[in-house]
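Engineer: Sequence:
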Amino acid sequence: MIKHIVMWKLKEHAEGADRATNARRMKEQLEACAGIVPGIRKLEVGLAEPGLEATYDVVLYSEFDSKEALDAYQSHPQHAALKPFFSAVRDARQCMDYTT
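Okay, so the sequence shown: first residue is 45 according to the working numbering, each after it adds one.
Just so you know, the hints here were simulated from the structure itself, not pulled from any lab data. One should not assume that every hint holds.
Stated by the list, open to error - In silico DSBU-like pairs for lysine-lysine, Cα to Cα no more than 30 Å straight-line:
hint : residue 1 : residue 2
1    : LYS71     : LYS127
2    : LYS53     : LYS71
3    : LYS127    : LYS55
4    : LYS47     : LYS111
5    : LYS86     : LYS55
6    : LYS86     : LYS47
7    : LYS86     : LYS111
8    : LYS127    : LYS53
9    : LYS86     : LYS71
10   : LYS71     : LYS47
11   : LYS111    : LYS127
12   : LYS53     : LYS111
13   : LYS71     : LYS111
14   : LYS55     : LYS71
15   : LYS127    : LYS86
16   : LYS127    : LYS47
17   : LYS86     : LYS53
To be verified - Pairwise CB distance ranges (calculated):
hint : residue 1 : residue 2 : range
18   : ALA78     : MET140    : 16 to 24 Å
19   : GLN122    : PRO94     : 12 to 20 Å
20   : GLY90     : LYS55     : 17 to 25 Å
21   : CYS139    : GLU97     : 33 to 41 Å
22   : TYR105    : LYS127    : 31 to 39 Å
23   : ARG137    : ALA61     : 12 to 20 Å
24   : GLY79     : LYS55     : 15 to 23 Å
25   : GLY60     : SER110    : 22 to 30 Å
Where a beta carbon is used, it is the ideal one built from N, C-alpha and C, also for glycine.
Use the sequences and the hints to build the structure in full.
Structural biologist: Structure follows, in C-alpha coordinates:
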(Lines of atoms letter the chains of each structure in order from A and count residues from 1; the text may use other names and numbers.)
(Lines give C-alpha, C1' and ligand atoms only; values in the text may rest on other atoms or scores of the structure.)
Protein backbone atom coordinates (compact mmCIF):
# COMPACT_ATOMS: atom_id res chain seq x y z
CA MET A 1 0.00 0.00 0.00
CA ILE A 2 1.15 3.56 -0.78
CA LYS A 3 0.21 6.48 1.44
CA HIS A 4 0.16 9.87 -0.30
CA ILE A 5 0.08 13.02 1.85
CA VAL A 6 0.07 16.57 0.47
CA MET A 7 -0.19 19.85 2.40
CA TRP A 8 -0.82 23.31 0.97
CA LYS A 9 -0.24 26.72 2.54
CA LEU A 10 -2.49 29.21 0.77
CA LYS A 11 -2.14 32.86 -0.17
CA GLU A 12 -4.26 35.32 1.82
CA HIS A 13 -6.08 36.30 -1.37
CA ALA A 14 -5.96 34.71 -4.84
CA GLU A 15 -8.24 34.04 -7.79
CA GLY A 16 -10.72 36.63 -6.46
CA ALA A 17 -11.26 34.88 -3.13
CA ASP A 18 -9.86 34.76 0.38
CA ARG A 19 -7.83 31.92 1.90
CA ALA A 20 -10.79 30.21 3.59
CA THR A 21 -12.91 30.23 0.44
CA ASN A 22 -10.08 28.80 -1.65
CA ALA A 23 -9.41 26.12 0.98
CA ARG A 24 -13.05 25.01 0.87
CA ARG A 25 -12.94 24.98 -2.94
CA MET A 26 -9.80 22.82 -2.88
CA LYS A 27 -11.45 20.40 -0.45
CA GLU A 28 -14.51 20.01 -2.68
CA GLN A 29 -12.40 19.46 -5.79
CA LEU A 30 -10.13 16.90 -4.13
CA GLU A 31 -13.03 14.98 -2.61
CA ALA A 32 -14.59 14.74 -6.07
CA CYS A 33 -11.52 12.72 -7.11
CA ALA A 34 -12.14 9.99 -4.51
CA GLY A 35 -13.22 7.32 -6.98
CA ILE A 36 -11.66 8.37 -10.27
CA VAL A 37 -9.37 5.33 -10.61
CA PRO A 38 -9.38 1.78 -9.27
CA GLY A 39 -7.05 1.23 -6.34
CA ILE A 40 -7.89 4.30 -4.24
CA ARG A 41 -8.51 2.90 -0.76
CA LYS A 42 -9.02 6.16 1.07
CA LEU A 43 -9.05 9.88 0.30
CA GLU A 44 -9.51 12.38 3.11
CA VAL A 45 -9.15 16.17 3.00
CA GLY A 46 -8.75 18.31 6.10
CA LEU A 47 -8.83 22.07 6.57
CA ALA A 48 -7.03 23.98 9.30
CA GLU A 49 -9.43 24.98 12.04
CA PRO A 50 -9.25 28.19 14.04
CA GLY A 51 -7.92 27.52 17.52
CA LEU A 52 -5.94 24.41 16.52
CA GLU A 53 -2.26 24.61 15.69
CA ALA A 54 -1.58 24.44 11.95
CA THR A 55 1.19 25.69 9.70
CA TYR A 56 -0.64 24.63 6.52
CA ASP A 57 -4.21 25.26 5.41
CA VAL A 58 -5.24 22.11 3.52
CA VAL A 59 -4.07 18.51 3.86
CA LEU A 60 -4.79 15.51 1.65
CA TYR A 61 -4.35 12.04 3.13
CA SER A 62 -4.86 9.18 0.71
CA GLU A 63 -4.09 5.48 0.41
CA PHE A 64 -3.57 3.50 -2.78
CA ASP A 65 -3.25 -0.21 -3.47
CA SER A 66 -0.05 0.31 -5.45
CA LYS A 67 2.28 2.81 -7.06
CA GLU A 68 0.47 2.13 -10.32
CA ALA A 69 -2.84 3.21 -8.76
CA LEU A 70 -1.20 6.39 -7.40
CA ASP A 71 0.34 7.10 -10.83
CA ALA A 72 -3.06 6.59 -12.49
CA TYR A 73 -4.65 9.03 -10.01
CA GLN A 74 -1.97 11.66 -10.55
CA SER A 75 -2.21 11.48 -14.33
CA HIS A 76 -6.03 11.25 -14.51
CA PRO A 77 -7.52 14.23 -16.43
CA GLN A 78 -9.87 15.14 -13.54
CA HIS A 79 -6.93 15.37 -11.14
CA ALA A 80 -4.73 17.18 -13.67
CA ALA A 81 -7.48 19.78 -14.14
CA LEU A 82 -7.06 20.86 -10.49
CA LYS A 83 -3.42 21.85 -10.85
CA PRO A 84 -3.79 25.34 -12.42
CA PHE A 85 -6.13 26.53 -9.65
CA PHE A 86 -4.06 24.92 -6.89
CA SER A 87 -0.88 26.51 -8.25
CA ALA A 88 -2.54 29.92 -8.41
CA VAL A 89 -3.75 29.90 -4.79
CA ARG A 90 -0.85 28.25 -2.97
CA ASP A 91 2.15 29.79 -1.28
CA ALA A 92 3.77 26.44 -0.52
CA ARG A 93 3.24 22.71 -1.03
CA GLN A 94 4.71 19.68 0.72
CA CYS A 95 4.26 16.09 -0.37
CA MET A 96 5.30 12.68 0.91
CA ASP A 97 4.60 9.20 -0.43
CA TYR A 98 5.57 6.08 1.50
CA THR A 99 4.79 2.38 1.59
CA THR A 100 3.39 0.37 4.46
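Engineer: Hint by hint, say whether it matches the structure.
Structural biologist: Status of the hints after comparison with the structure:
no., hint, in the structure
1, LYS71 to LYS127, "holds, 13 Å"
2, LYS53 to LYS71, "holds, 13 Å"
3, LYS127 to LYS55, "holds, 15 Å"
4, LYS47 to LYS111, "holds, 9 Å"
5, LYS86 to LYS55, "holds, 28 Å"
6, LYS86 to LYS47, "holds, 9 Å"
7, LYS86 to LYS111, "holds, 14 Å"
8, LYS127 to LYS53, "holds, 15 Å"
9, LYS86 to LYS71, "holds, 15 Å"
10, LYS71 to LYS47, "holds, 18 Å"
11, LYS111 to LYS127, "holds, 20 Å"
12, LYS53 to LYS111, "holds, 26 Å"
13, LYS71 to LYS111, "holds, 23 Å"
14, LYS55 to LYS71, "holds, 16 Å"
15, LYS127 to LYS86, "holds, 20 Å"
16, LYS127 to LYS47, "holds, 20 Å"
17, LYS86 to LYS53, "holds, 22 Å"
18, ALA78 to MET140: 16 to 24 Å, "holds, 20 Å"
19, GLN122 to PRO94: 12 to 20 Å, "violated, 31 Å"
20, GLY90 to LYS55: 17 to 25 Å, "holds, 19 Å"
21, CYS139 to GLU97: 33 to 41 Å, "violated, 21 Å"
22, TYR105 to LYS127: 31 to 39 Å, "violated, 19 Å"
23, ARG137 to ALA61: 12 to 20 Å, "holds, 18 Å"
24, GLY79 to LYS55: 15 to 23 Å, "violated, 30 Å"
25, GLY60 to SER110: 22 to 30 Å, "violated, 39 Å"
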